[in-house]
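Protein chains: 4
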Amino acid sequence: MIGKGDHCGVFGIGLSPRAAQITHHALYALQHRGQESAGIVAGGEGGVEIHRGMGLVSEVFDADVLGRLARGTDLAVGHVRYSTTGESSLANAQPLLVRYRRGHLALAHNGNLVNAPALREELEREGSIFQTTLDTEVVAHLVARLSDNGPEQALATSLARVRGGYALVALADRKLIGVRDPSGIRPLALGRLGKAFVLASESCAFDTVGAEFLREVGPGEMVVVEGDRLRSLPALPPGRPALCVFEFIYIARPDSNLHGLNVHAVRKELGRRLARAHPVAADIVTGVPDSSISAASGYAEAAGIPYEMGLVKNRYIGRTFIQPCQEARDLGVTLKLNPLRKVVDGRRVVLVDDSIVRGTTSRHIVRLLREAGAREVHLRIASPPYRWPCYFGIDTSSREELVAAERDVEEVRRLVGADSLAYLNLEDLVDGVKAGGLCLACFDGDYPVPVFDAAGGR
Amino acid sequence: MIGKGDHCGVFGIGLSPRAAQITHHALYALQHRGQESAGIVAGGEGGVEIHRGMGLVSEVFDADVLGRLARGTDLAVGHVRYSTTGESSLANAQPLLVRYRRGHLALAHNGNLVNAPALREELEREGSIFQTTLDTEVVAHLVARLSDNGPEQALATSLARVRGGYALVALADRKLIGVRDPSGIRPLALGRLGKAFVLASESCAFDTVGAEFLREVGPGEMVVVEGDRLRSLPALPPGRPALCVFEFIYIARPDSNLHGLNVHAVRKELGRRLARAHPVAADIVTGVPDSSISAASGYAEAAGIPYEMGLVKNRYIGRTFIQPCQEARDLGVTLKLNPLRKVVDGRRVVLVDDSIVRGTTSRHIVRLLREAGAREVHLRIASPPYRWPCYFGIDTSSREELVAAERDVEEVRRLVGADSLAYLNLEDLVDGVKAGGLCLACFDGDYPVPVFDAAGGR
Amino acid sequence: MIGKGDHCGVFGIGLSPRAAQITHHALYALQHRGQESAGIVAGGEGGVEIHRGMGLVSEVFDADVLGRLARGTDLAVGHVRYSTTGESSLANAQPLLVRYRRGHLALAHNGNLVNAPALREELEREGSIFQTTLDTEVVAHLVARLSDNGPEQALATSLARVRGGYALVALADRKLIGVRDPSGIRPLALGRLGKAFVLASESCAFDTVGAEFLREVGPGEMVVVEGDRLRSLPALPPGRPALCVFEFIYIARPDSNLHGLNVHAVRKELGRRLARAHPVAADIVTGVPDSSISAASGYAEAAGIPYEMGLVKNRYIGRTFIQPCQEARDLGVTLKLNPLRKVVDGRRVVLVDDSIVRGTTSRHIVRLLREAGAREVHLRIASPPYRWPCYFGIDTSSREELVAAERDVEEVRRLVGADSLAYLNLEDLVDGVKAGGLCLACFDGDYPVPVFDAAGGR
Amino acid sequence: MIGKGDHCGVFGIGLSPRAAQITHHALYALQHRGQESAGIVAGGEGGVEIHRGMGLVSEVFDADVLGRLARGTDLAVGHVRYSTTGESSLANAQPLLVRYRRGHLALAHNGNLVNAPALREELEREGSIFQTTLDTEVVAHLVARLSDNGPEQALATSLARVRGGYALVALADRKLIGVRDPSGIRPLALGRLGKAFVLASESCAFDTVGAEFLREVGPGEMVVVEGDRLRSLPALPPGRPALCVFEFIYIARPDSNLHGLNVHAVRKELGRRLARAHPVAADIVTGVPDSSISAASGYAEAAGIPYEMGLVKNRYIGRTFIQPCQEARDLGVTLKLNPLRKVVDGRRVVLVDDSIVRGTTSRHIVRLLREAGAREVHLRIASPPYRWPCYFGIDTSSREELVAAERDVEEVRRLVGADSLAYLNLEDLVDGVKAGGLCLACFDGDYPVPVFDAAGGR
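Residue numbers (numbering that gives the first Met the number 0), protein chains in the order written: chain A, 0 to 457; chain B, 0 to 457; chain C, 0 to 457; chain D, 0 to 457.
Don't read these hints as lab results, they were simulated from the structure. Among the clues, some could well be false.
Remember, identical chains collapse to one label, so a pair may be satisfied in a single copy or spanning two.
SDA-like mimics (lysine to any residue), calculated; alpha carbons at most 20 Å apart, straight line [as the list claims (entries may be wrong)]:
id, residue 1, residue 2
1, Lys-341, Glu-370
2, Lys-341, Lys-433
3, Lys-312, Arg-362
4, Lys-341, Glu-215
5, Lys-341, Gly-372
Use the sequences and the hints to build the structure in full.
Following this line, the structure appears as structure tokens:
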């Protein structure tokens with residue numbers, strides 16, 4: 000099932016009497032990475048406690064649950080998850096917790112393992128019984144079958160058999176472990192809160208809990224926290240460095256930093272470059288809230304056109320019960336976004352968005368602006384055409400669903416109904432981000448890790 | 000009980016087979032006016048259905064509930080509620096639905112009735128049994144005791160005994176009724192969706208459901224929808240027109256229009272005037288998200304200082320379980336707001352906020368910015384000092400809690416820890432809003448309706 | 000709506016720091032009187048707490064709820080309810096708690112007020128707003144409209160306007176009040192637990208909580224508990240004493256005593272008299288569990304035929320979700336009762352039941368026994384033919400539904416399919432119970448209280 | 000962990016479009032075997048559905064759940080569970096459902112596997128990850144590791160490695176499978192409902208669903224239902240026949256038959272023999288409801304002393320929330336049992352109980368009877384002294400907790416406070432039951448299956 004990946008956010012903390020509470024707070028900061036389910040595993044001398052549930056962090060945890068998680072524990076890992084597939088059940092919520100002969104192993108995982116189906120088939124043939132449909136569980140079974148010295152060694156040996164993009168935070172044997180795939184496709188940061196080490200998908204989680212950012216975990220690196228000591232192991236032979244560029248474009252929170260670069264600042268720069276490469280005569284610039292506000296303000300600044308609030312987003316829609324028909328999905332966008340007629344009416348509008356995936360949302364917003372009186376709508380996209388599916392943790396369905404996969408810019412323009420359409424050039428993206436070692440596969444099809452094996456399967 | 004008022008949002012629709020669903024969607028658009036409870040009463044030939052619950056609209060309603068509400072109904076009223084008092088129980092959720100000898104009466108109410116305690120005492124002395132502590136229930140009992148011709152007449156007669164600020168939407172006898180207090184303190188708009196008339200606290204609800212704005216209900220006016228006909232009755236002798244200015248400053252959504260004025264545009268203008276009256280040498284302007292973004296961008300524009308995203312708001316905090324100690328409340332703000340160190344560090348920052356009520360939030364944000372490296376923090380408030388409690392539907396505690404009640408600007412500045420502090424002048428507020436007939440009592444103490452009766456009580 | 004009455008159980012306790020917990024335990028002992036809903040109101044210096052829910056006592060209360068009810072309270076009233084009408088909603092659960100000008104009034108009520116509809120109409124005409132469809136609420140509104148000295152006087156004055164059979168336990172103004180209708184149709188006992196007075200529908204509740212039985216509250220008597228003092232008031236002019244004989248026959252638990260008589264012993268005596276009056280040649284005697292076991296053992300003893308366990312009852316059926324079709328209702332009996340083939344096969348069986356109301360259950364059990372191999376089934380009923388609807392608190396539908404209303408014994412026998420059928424004679428019932436002053440209206444139609452008013456209404 | 004066993008009830012049905020509903024009804028009939036959790040797995044062409052929950056059958060299932068289970072399914076297995084250990088969590092509810100390479104395997108199990116810990120350790124050493132702490136899961140992992148032809152063969156091969164007492168009902172590959180341990184320690188009956196075969200722990204489940212009893216599954220026999228065909232396989236080499244005698248004494252419902260013997264009739268005979276062996280001068284005989292009523296009536300008959308209802312049991316206590324202190328546990332018995340003072344007062348009472356395990360309940364009941372006025376209390380136990388822990392599915396804690404393990408009859412008498420105490424002789428038990436091949440280990444320590452292995456472990 001190509002493209003079954005997930006956005007996710009992971010967090011871990013080693014040796015703090017407030018480990019569970021801090022993880023709870025950190026998950027709030029990572030909530031934008033997944034709103035479907037949330038979970039925490041906390042461990043102490045006496046064992047582990049787990050709580051997972053469907054919904055937002057605020058819905059999954061209450062005082063009773065946190066009290067139970069916090070009692071006698073000093074290590075914790077947490078997870079928030081997003082999935083658009085049918086398998087969005089509680090059984091698939093993370094962290095995954097398994098009991099095997101060496102004790103407990105909790106895994107919180109962001110990313111996607113491309114050869115998980117093949118490994119699973121092999122493990123089942125040897126008698127393993129799987130509890131979930133998560134690719135993460137393959138790792139657990141590989142670990143359970145090894146008789147290595149300690150969980151970190153078993154985890155490293157197991158991950159050597161796995162191919163994909165991932166950031167993994169694990170809790171085992173009173174140890175907190177963090178590890179990234181050999182290309183570092185998914186991000187993972189290391190920080191410190193007092194004496195406790197912390198790991199998080201994004202640095203904004205550190206700000207929220209008052210932790211200090213130390214550095215990013217490197218591609219193929221494993222960090223092991225025991226007590227107040229940290230060890231770094233070269234767990235996996237490093238591959239071509241390839242941090243997912245979409246973290247800069249869309250996924251990460253604007254107040255997070257990646258590769259030492261502030262996400263908001265990067266997006267603003269992309270907007271500026273977009274304006275310079277694709278100017279247009281217009282009265283106002285507006286962005287699709289919230290992810291495109293930074294790029295739109297950069298565009299406005301460079302173009303010398305006033306930035307205006309042309310669309311208001313309803314903060315409370317989230318997980319609305321919406322019937323799964325097209326009419327309802329259209330309505331979903333209406334509930335979420337409202338154009339400001341007084342701002343838009345009679346104006347030539349530059350609408351900046353971060354990306355176009357399927358094109359349906361763009362078409363809808365262009366129509367909304369026109370209905371609100373916009374004289375012209377010029378769509379500017381702060382990234383290149385999205386042409387190739389992601390296999391490393393972002394949900395993009397098959398190639399057929401990508402509107403730009405087989406269409407040129409003019410065809411996409413007609414489809415979304417804009418007066419003009421322009422994308423950021425790939426060079427501007429690379430220069431604008433200013434970080435080397437990016438995965439650009441969704442734009443250029445050059446995957447940093449082989450997606451298909453020799454036999455054409457995965 | 001001074002200041003026990005509530006923000007609230009009300010909606011009503013007359014004669015549509017989709018009345019319940021439309022009301023459900025409209026409540027999403029009004030959710031910013033109250034996140035504590037939500038409710039809908041839907042009526043049809045066969046009777047009425049009610050559903051109310053604590054929490055967000057998305058939590059209170061699901062497919063089953065909506066199916067039940069929708070079956071056989073063609074009229075509906077809805078309500079979202081916010082309250083900071085202890086009486087935030089389900090029993091006090093609205094709409095209030097009572098059965099009396101003439102049938103059913105559902106009331107959804109935004110505002111506050113200042114003489115409700117006295118009327119309640121009188122009614123109880125005569126044997127009435129109250130089910131809630133809502134002031135709205137006084138109206139129901141007054142209606143139940145009248146033998147007038149039809150509910151609209153009974154409602155008018157009852158409201159003549161009531162003093163306060165309110166927008167009321169009622170459902171009775173196959174009729175939808177909307178009425179505003181004689182000064183029009185709380186807003187209420189009239190619109191049309193196909194053949195059905197709709198009523199809403201704010202026009203943004205019309206946009207969300209695809210309705211067309213017709214006009215505002217006038218001060219003291221009652222509109223009665225029967226079938227597809229609308230009658231307007233001069234229900235109450237008009238008083239001094241006095242629309243709550245705080246709707247423009249803080250409450251209303253930026254995409255709503257009031258008195259024909261777009262709220263976002265008004266706020267931007269207030270920001271411009273604030274910049275002209277109270278300039279300061281600085282590197283960036285930033286606003287407290289979300290309510291102050293419009294004013295901040297106006298300030299930046301008029302001051303010629305770049306607007307920057309200095310603070311990021313966590314969209315998912317909402318109704319976090321937070322223990323009621325000061326430490327936890329401080330943490331609450333940290334969870335909600337994160338400064339962008341890369342944006343703020345080493346800069347002189349103009350921080351624009353819409354108002355200061357108690358001062359605790361401002362003090363906290365100033366501290367956050369300083370910790371993120373801001374060299375100077377200049378606080379600019381896009382409204383005058385908030386000095387007088389509101390008795391007409393905004394929750395402001397007693398006068399002692401208002402930080403500006405007995406302090407001058409310099410004292411407030413010291414308290415919040417800013418390098419400089421300036422408020423918008425009252426004249427700039429009045430000129431900037433450009434609407435006549437405003438209630439400015441929170442700034443000047445001149446209440447449009449007598450708050451205390453002759454005997455000094457209420 | 001004739002026959003909309005309810006079985007119910009009531010309990011009250013005055014001035015004990017464990018009032019709520021004791022009431023909780025007592026409701027378990029009264030659970031056989033109502034399994035539909037349960038509730039407790041507990042009062043203290045600081046106010047009242049209420050909790051009510053649908054289902055069994057064990058489902059409605061948990062540790063959290065009881066903790067809340069117990070905190071700071073020292074008075075409590077409790078209620079369990081049974082209703083077969085559609086109005087079995089939470090809103091109709093008891094105790095009813097209303098706030099009126101004098102404070103709180105909690106009412107827990109067993110019985111039925113025959114003129115409640117007329118009184119309700121009158122009260123609504125005068126402007127009262129009802130919250131429930133309970134006849135009990137009429138009493139609350141009558142009390143709220145009086146300006147008498149204290150709640151006990153107001154309650155007495157109000158009850159003087161009411162006609163029916165009831166046992167009422169109330170909590171008002173730090174007082175616990177118990178009162179019975181002028182004929183004492185529904186039972187109410189007074190006991191003592193340490194210094195605290197207790198009131199209960201049945202004495203078995205006293206055994207369960209360790210209280211001592213003092214006496215029964217008399218017809219028309221009101222007892223008022225204040226602190227550790229008890230006052231008795233002749234609240235209502237006494238009528239013809241008429242304790243419901245069905246309490247002896249079916250409703251009360253066998254370990255309860257009424258009029259100083261043990262219910263099990265009375266039922267056994269009725270069985271003996273039944274055997275003497277209606278002997279039959281048979282191999283075994285068996286009873287329908289649980290209510291007819293006592294009478295059946297009496298029959299066996301007097302007849303000299305061995306008592307055998309011919310039917311086993313499933314203890315866990317209770318509130319099974321059963322679809323409301325006839326097939327499902329038949330199945331309901333199969334799930335509940337299983338004949339012991341090895342006991343019954345080839346035998347002539349005397350089947351003793353306490354009463355026949357509609358006849359459907361009897362027909363079903365006779366068929367079950369025949370299918371299990373019984374050679375003959377002789378049905379013996381330990382009460383006379385049930386011919387007249389009850390208006391005082393037992394649910395018996397209209398007269399048409401009573402199988403014996405218009406049929407003679409032979410017709411009923413044919414209908415239920417027994418080889419022979421005999422009822423207890425009315426004289427044997429009266430002599431067997433040995434208590435004077437019984438209501439026998441269901442057998443002889445002689446109602447102790449006028450059911451219809453002069454105008455033919457109620 | 001010695002004595003961690005469970006009572007449980009199992010049911011299965013092959014190929015009926017109403018498989019799920021019938022299983023639901025059957026579980027009501029087996030509810031006395033376990034009230035802690037309940038579950039159903041239903042299978043069809045399209046896959047399997049599962050629902051399990053904590054609590055009674057009536058709490059775990061509702062119309063929605065049953066609708067989902069019934070849709071498209073025609074095979075089902077069900078389970079009710081009782082456990083007194085801490086591991087009474089939802090994760091341990093049955094049926095256990097696992098997905099392995101051959102598809103689904105659902106297991107519902109009554110009994111205990113004595114070498115499960117050793118097998119589990121071995122399997123975990125080889126990399127298996129367990130999901131529960133159920134011994135049943137060992138069987139699932141053994142099956143998953145085999146490459147045999149079909150699930151019945153894999154199950155047989157797996158069970159050959161297992162030691163203990165069990166009745167297992169499984170659903171795999173469109174097949175319903177039932178199997179009993181080589182000694183037939185736990186019961187399992189085979190029946191037919193129309194064309195569908197059914198399996199149940201007790202025959203009373205067949206009566207409830209209208210099925211016909213065919214025969215018992217033999218020791219070591221496996222029956223496999225495919226479509227409307229039944230195959231019998233000699234899956235395991237038969238051991239010494241040893242049906243648990245406690246099924247006759249306490250566990251089974253009186254209307255069930257085991258080895259062709261009615262349980263009620265057996266208990267009555269044991270009571271008669273008890274009376275003949277241990278007569279006493281007394282006024283009444285009474286039994287502890289419900290399990291001892293049969294034996295008590297047999298005692299009364301043989302002794303010529305009238306049987307009386309001396310204790311009334313509250314049907315509604317069940318799973319009361321009771322704090323885990325001794326005082327509360329004492330109260331638990333008071334809530335459950337109430338003596339009939341009028342029956343007991345001044346009398347010499349023979350109290351018949353089925354067994355004494357820890358002695359605390361007996362002591363409590365003796366005290367209750369004395370407080371109710373009993374002049375003498377003679378305790379008669381319808382089974383021999385319970386001296387040895389059970390390892391095959393009945394929860395008896397360690398030997399130290401068995402009151403008779405190290406005490407003679409006089410010491411036990413003093414401890415429970417009776418005037419006299421006598422147990423049924425072992426010979427009378429064996430002669431009274433009249434069935435050969437019983438497990439009497441709890442009385443004589445002669446276990447039919449080795450409990451400890453050569454190394455002294457299990």
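Consistency of the hints with the structure:
1. Lys-341 / Glu-370: within (12 Å within a copy, 39 Å between copies)
2. Lys-341 / Lys-433: Result: close only across copies, 15 Å inter versus 38 Å intra.
3. Lys-312 / Arg-362: within (17 Å within a copy, 28 Å between copies)
4. Lys-341 / Glu-215: between (46 Å within a copy, 17 Å between copies)
5. Lys-341 / Gly-372: Classified as within; 9 Å inside a copy, 38 Å across copies.
In summary, the structure agrees with every hint in the numbered list given earlier.
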